[in-house]
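Listed below, chain by chain, are the residues.
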Amino acid sequence: MLAEIARRFGGELVGNPSVRVERVATLESAGPGDIGFLAQGKYRDRLRSTRAAAVILPYTERDTTELPRILCDDPYLYFAQVSILLNPLEQFTAGIHPSAVIEPEAQVASSVKIGPGCHIGRGAHVGEGVSLGAGCVIGDLAKIGDASLIHASVVVYAHCVIGKRAIVHSGAVIGADGFGMALDSGQWLKIPQIGRAIIGDDVEIGANTTIDRGALDDTVIEDGVKLDNQVQIGHNVRIGAHTAMAGCVGIAGSARIGRHCTLGGGAIVLGHLELADGVHISAGTLVTKSIKRPGSYTGIYPLQEKGSWGRTAALLRNIDKLETRVRMLERIVAEMRGKD
Amino acid sequence: MLAEIARRFGGELVGNPSVRVERVATLESAGPGDIGFLAQGKYRDRLRSTRAAAVILPYTERDTTELPRILCDDPYLYFAQVSILLNPLEQFTAGIHPSAVIEPEAQVASSVKIGPGCHIGRGAHVGEGVSLGAGCVIGDLAKIGDASLIHASVVVYAHCVIGKRAIVHSGAVIGADGFGMALDSGQWLKIPQIGRAIIGDDVEIGANTTIDRGALDDTVIEDGVKLDNQVQIGHNVRIGAHTAMAGCVGIAGSARIGRHCTLGGGAIVLGHLELADGVHISAGTLVTKSIKRPGSYTGIYPLQEKGSWGRTAALLRNIDKLETRVRMLERIVAEMRGKD
Amino acid sequence: MLAEIARRFGGELVGNPSVRVERVATLESAGPGDIGFLAQGKYRDRLRSTRAAAVILPYTERDTTELPRILCDDPYLYFAQVSILLNPLEQFTAGIHPSAVIEPEAQVASSVKIGPGCHIGRGAHVGEGVSLGAGCVIGDLAKIGDASLIHASVVVYAHCVIGKRAIVHSGAVIGADGFGMALDSGQWLKIPQIGRAIIGDDVEIGANTTIDRGALDDTVIEDGVKLDNQVQIGHNVRIGAHTAMAGCVGIAGSARIGRHCTLGGGAIVLGHLELADGVHISAGTLVTKSIKRPGSYTGIYPLQEKGSWGRTAALLRNIDKLETRVRMLERIVAEMRGKD
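Protein chains in written order, with our numbering: chain A, 5 to 344; chain B, 5 to 344; chain C, 5 to 344.
These aren't lab readings, by the way, just hints derived from the structure by calculation.
Incorrect hints may have been included.
A pair counts as met if it fits within one copy or between any two copies, since identical chains are not told apart.
[What the hints assert, rightly or not] With a Cα cut of at most 30 Å, we get these calculated DSSO-like pairs of lysine-lysine:
id: 1; residue 1: Lys-168; residue 2: Lys-117
id: 2; residue 1: Lys-310; residue 2: Lys-194
id: 3; residue 1: Lys-46; residue 2: Lys-194
id: 4; residue 1: Lys-46; residue 2: Lys-296
id: 5; residue 1: Lys-194; residue 2: Lys-168
id: 6; residue 1: Lys-293; residue 2: Lys-325
id: 7; residue 1: Lys-46; residue 2: Lys-343
id: 8; residue 1: Lys-325; residue 2: Lys-310
id: 9; residue 1: Lys-168; residue 2: Lys-293
From just these sequences and the hints, can you work out the full model?
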């Protein structure tokens, strides 16, 4: 019931308070029983044609629809809260599948679900309420914090630590060796990677994301960090709390990323750099130097039709020649004016 | 026998029609019993030195060799057809490995092969003639279409659907949560991802590629799409039929890619953009705006020797200053001319 | 004991030779029993404040500290050697876990450790002293060379070969099909990928890295190559001995990379290109043409604050117009001078 939602999350309810709301949906696909939302005015058309039972709107859109509605400051956040209410995490029945292998001295809480084919290493610790999907491998002495949800086929290397309420998606690999080598007469000598990967509480790690263990000290992912799929975190990196990274981001070894940063998809941060708190990096941007002030930074090469690209690229590559021509002109013009 | 091939696939046979052809090979490595092909004149040298038993050529190369040959319009396609004929898919013996775990209510066709350690979720559906390699995890109520070939260690999340005749390579993850979060006083609130990932017929998905489920509606990969390795497809994306993406491509959430598009390796498409049918994006290009007309687009920063890069980069970053200098010169020169 | 280390690896020992050294550590986190190192003068502050028992230094830093120290030409390499000495590879007990599935005709050496849930294909060969983590899948007739360390959840496709002393991290996929297709009236026809992936000796392969099998001939990774996480190697690629690639590098099909090359994180090499021996490519660089001379190459778009980016990008995209304006000015100025 809409009134219940407004009572719980606030905002101003306009229209029939007893309309039934059972599911969240987009404005386009919503039907009876569904609640949708409008975050930005530019999708107002969708609001006019929606068949949703109710909608969540900013105060500025109060009169755009006749539908039962909740007006609030941040419709996207409000919608998130409603969605969490209507889509509670699936409950599971605790139990260890008979095909799972638990090595000696592992401590597995009784409220845990361990899927088929999991392997829990010697002395590993799996906290209360943890769920491990099929085929997960938890290394010797590794720790998984309470209430964490580890999807199928996740690998956590020995000694690594994952905090509470983590969500780790399939194919993620936590704690593989960092890329540390010394050149010895043209051949690479592997440096033992003896640090750990330490993941804080409330962290989400996307599918096939990799987080390397530290070379000597630990790689640290602080609380509330959210990493999308196929992110690569090098050894000794530290990522500040509540920072989010979209898909395919790469953070090279020993970089330090501040708190409350965001990195767009495919962005790369070079090794040993430091990004201050509150730095926002555009998708596809290569960060080549430390950034000391919060703010938004970008480095995106503009797109163009292929036919015209060749000449542009040649001019760009030779921009120093263009600059020389301009300097020459400036000198000549100055001389000519001098003569006047 | 070469004559049999020509009878089946057409083209003009020149030379001994009864030469034995048992394998396909490159011109360089071919030997007796092998058939090779030449697609472009620039590799003509290889044709002259090959030890292949027969070759497939464009009509324009009719007289470049004395070897038994088939002349045709598209030697590469012709070669593909011959290779498929000579390298039929391996037949397998149906059966469920005793170590596989099939949950209740799962529907598994009798012609299926399920490898060791697979886990088939409750109510999942595995169609006729499907082969699942070792260690695959098929979530509750997920569906795998007939005749699909799922290699080892693939994860398909609950409720997701894969069409017929799919080929999915190892490490691919289909249907993990999209990256959907709302900011709540500086912390990220996870939005439940309740859509599905729906994969059409005849789709190939590369190793370690990830395709997220939709946030509310579904992520959709249409028929005949081919994705290479380590491709990342965000939530709510729609990819049109017969589009192909090379390795490491990233498509951000809610982007819509047309039919018959191609994306080169490492290309990135930002969220919510639309690409028309028949759009071709160069490798390494970041697409930052929607593209409404078919055609080829690129955005590649030119490569140069490192020594000269620093100055070029500084000039590029400050190109607005260069433009100001040119504008100033234009004004001065105009004034000087006015005085003449 | 420090004296023992100096005896083994050389260098000049200054200070107490009998100081006890049991672990390696960074200068910042070192304590009693730890040895640290200083490779570059710019971290000299850390040397002054370290609590390490001993340090490894370049000769130039002889007098920067009073601590027991070893002076040498290459402290980083020296440190690597000491770390290897102090952190020997974990010994394992040979044995095949009862849940592993070994197909008929597989040859598994008696000194091998095979983890839970592994699947060793028909006729596969696993050499002496190999360790396979949990859930590895080794395809039919594939070969794993002696003393290789294969972490959990690695997939090696049929017929592929891994050399001796390899280290392969979790989630790596060796030998999936290359991305080979021919267009047939707008639809993609898959070309059978019948080559293999052949990996030399002493190769390290990072987590979730993918190396495709060849289309006809083999994909070849020569001895001593080091690949970081999430690297993608296309079909028919050849990578020369002792080349190293950082995370997220992509090498497109049929490219040939020389020996002793390095590629920074996220670099991409387009298909069919050739890189000479000793070529070094910066992180984030797209290589669009073959490189015939050893040296360092880069193509990095400079980073800037977002506010100023729009104008820069517009000027860059239209640099041909700027060049035209300069040309025009040059003509006018030449005319004006001619008149003088």
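### Query
Which of the listed hints are broken here?
7 and 9
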